[in-house]
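Novice: Chain by chain, the residues:
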Amino acid sequence: MQLLFTGFGIGAIYALVALGFVLLIRAAAVVNFGQGEFAMLGAYLMVIGFNVLALPYWLSIILSVLLMAAFGVVFAATTYWPLRHRGGLPVIISTIGASIFLENLVLVLYGPEAAQIDGLFDAPGIQVGPVFMDSQYLSIIVVAALLVALQYAVFEKTLLGKKLQATSQDKEMASLLGIPVATMILITFAYSSALGGIAGILVAPILFVSTGMAGLIALKAFAANIIGGYGSIPGAILGGLSLGIVETLGAAYISVPYKDAFAFLMLLIFLLVRPQGLFGERIAEKA
Amino acid sequence: MAARYRWRGVPAALVAALLAVGLAMLVPAQGYILNIAMQAATYAIAVVGLVVVLGYCGQISIAQAAFFGLGAYGVALGTVDYGLNFFTALAIAVAIAGVLGLILGLGSLRLGGHYLAMVTISFQQILTVVLTNWIGFTHGPDGVRGIPRPTLFGLSFEGGHAYLALCLVAMVAATLGVWRLKSSRLGRAMQAVRDNELAAGTSGIDVFATKVGSFGLSAVFGSLGGGLFSGGFHYISPDQFSFAESIVMLTMALLGGVQNPFGALIGTGLLVILPEWLRFLRQVYLAVYGAAVILIMVFLPDGLWGFVAERLRRRVRAPAQDVAPLPLLAQRGEPGADAVLQVQGLAKHFGGLKALDGVDLAVRRGTVHALIGPNGSGKSTFINVITGLYRPTAGRIGFAGRDITALPPHRRNRAGLARTYQNIRIFRGMSVLENVMVGAERAGNDVANDPAAAVERALAALDFVGLGDEAARLVGTLSYGHQRYVEIARALAGSPEMLLLDEPAAGLNMTEKQELGGLLRRLKGHGLTILIIDHDMALVEQVADHITVLNFGRRIADGAPQVVLQHPDVIAAYLGEPQRHEAA
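Chains as they are written, first to last, in our numbering: chain W, 1 to 287; chain X, 1 to 584.
Please keep in mind that the hints were generated in silico from the structure rather than gathered at the bench. In this text the structure is predicted, and so the values were computed from the model without any measurement. The C-beta atom is built at its ideal place from N, Cα and C for all residues, glycine as well. Everything hinted at is true.
If you want the footprint, here are the derived chain W segments under chain X, 3+ residues with CB under 8 Å:
#1 77-83
#2 98-109
#3 223-235
#4 266-272
Could you build all of it, start to finish, from the sequences and the hints given here?
Specialist: Structural data, given as structure tokens:
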């Protein structure tokens, strides 16, 4: 039970990053290898805001998230926009370039030593029956759930959400109907980046904040996305959660050093046995 | 002729190898510069392997460092722990890596694009985890020390010069081999798969096997480089073969130009030397490097080599040689006597939509059979099911006396079924001649195994469609109408039993349509069996011997043109149902 809880918490982080990932795939058909760097940047902004500038905790969170949203637009303008008509591979490579750039830029600016941030709450957590609920894990789960609910509400109940959905489904048609497609894509980048940032902020007190955190988070979010079903929003969430749980259980019962291998093994199995994932549809090329 | 063709490159290769050895002698026999040279040479071999899988075949592999590591660990563990001879260990390592590469390629059976990239990343990550944690076998994070260099026929490669020369010769061999591959049958097949998978399949290429092969080859080069790397540095550890290194290799290939092994050499050399030049910004180096990757993608889409090659591109003229006429139709059987294509009860349902609902159709030898019908009547679905792109829900397809219902597209093409597409599908990265050669080289064609004869056949096919002078041009630079002719020539070069034309007149202007009509009449005159779909009634009436009409996935008329086009159901399908009171 305890392990399930922990796995759920870690899984929620993967799910948040995976969610940002899926949104970009849907809106712009971009497979963003820099998604993990969003989380890393978010965490570092938090470190700078709270630890270095000594701003209040809540203020630094808000500032970090806003800055991350702005950063998403910059990211889109530099790595996606110039290459948008050239197909998938160039954009993938350029997001890989961006991820190398960001990771090392932070390394240069901040230095290699890992930082640590305090959790959201001072209290260590609560005991519920046999399970000790660590306050940080609990806040991760709660925030993730709130965000998913919020996103659902925005996407399904507002005009903006409808426009975003239209853009992701059929850009040409959307643009014919007078939806500013470019703006919608930029909004998606901003939102996706902010989501990544929030994930980074949430996970920061558990992991140490370091430039190395980005790569693994991104890969696991990608894995979560494929396990759940490529381009599927509920799939990303479920995939992320199940990945976190499998990983935690695997580490506890089988082998700690091979913890990261479980995630990829699970991914390989899914890719080979059920490539459409839990929620995916098979897409055939039309002749 | 073929033998001479095969050995033509040998003197040049020997000269290049000697040059490489000479170059090795110029480098100091030990120390820093030697190390850099050794790293560049061994990396280059791996990056040249990436050219095969990514540049030629268009498959993203982000695991080249893993194969590099397999080679390195194979040699290291084989020589140090198991006392094997260097070359034996290298051979075993390369074989294992090759097999793993093939297995990785198997993933491409069901997965494309990003999925496959993800599989390679997973493989890379798992290998890193295993190398680090399986301490009993791999020595874990400490790595392996004291890796020896080989001796061959009493010749010791222990010295820095000798070993570097060995690496450079291997590099030259790898580069020239991959360069030759590009203009070989397999290389053309890979590029065809890269440019258009569907068309590659219906041109007789086994798409899946080609992809798997490219992964295997790429892994072989990767592990070969790694094995040499291991002897060069005497010491290896898992972090040298991480995901990050795979990215570095990918960048090397892209920077230099992934379409060409020489580009790979340039890219590798540059990225190995660059950090040394950029020493003063050591700290910022990797950040600059990441930014450079983005800039390269934005401004140099074809890499440095592509950039240079573009500017040096000579106006290549078509090979001036007399073209033998296209041996189109070594007559097979009596025209009209038997049905080449025999379709019974063909159905294709997409969910609840019955795109085809029990269609019967027979195309007799030597006739031009037209399949017409309003938009959405199932014509394109029909042709896609016939050529194997869709699996039928029910029904049977007989072709040239065989049941082909269950065959994959490339096997149907090899049986003699060639097609063109409504939205032209040609191999855009290749020349006009190469496009048509892919058709000529379909397995089972008489010229398939003779490159010189395949060139001749392709030129003959181009000549037939009137594009003989454009053979050397890049196919994308042709006009739309001419691109369609390239597609037809590609189909003809494979000496098909039957040609399927999917709306060949679509998108053509009046003059082009008239030309096309002429071409079709010539094909008909040669007695080629043709199944044509088109909306252009003028064209259909000109050439068709027999017409079948589809509407809502069902056959509503079938017979001679004059009869079918007068058929009330056909008129109704095209012009709408007459109102009841008018009819009365």
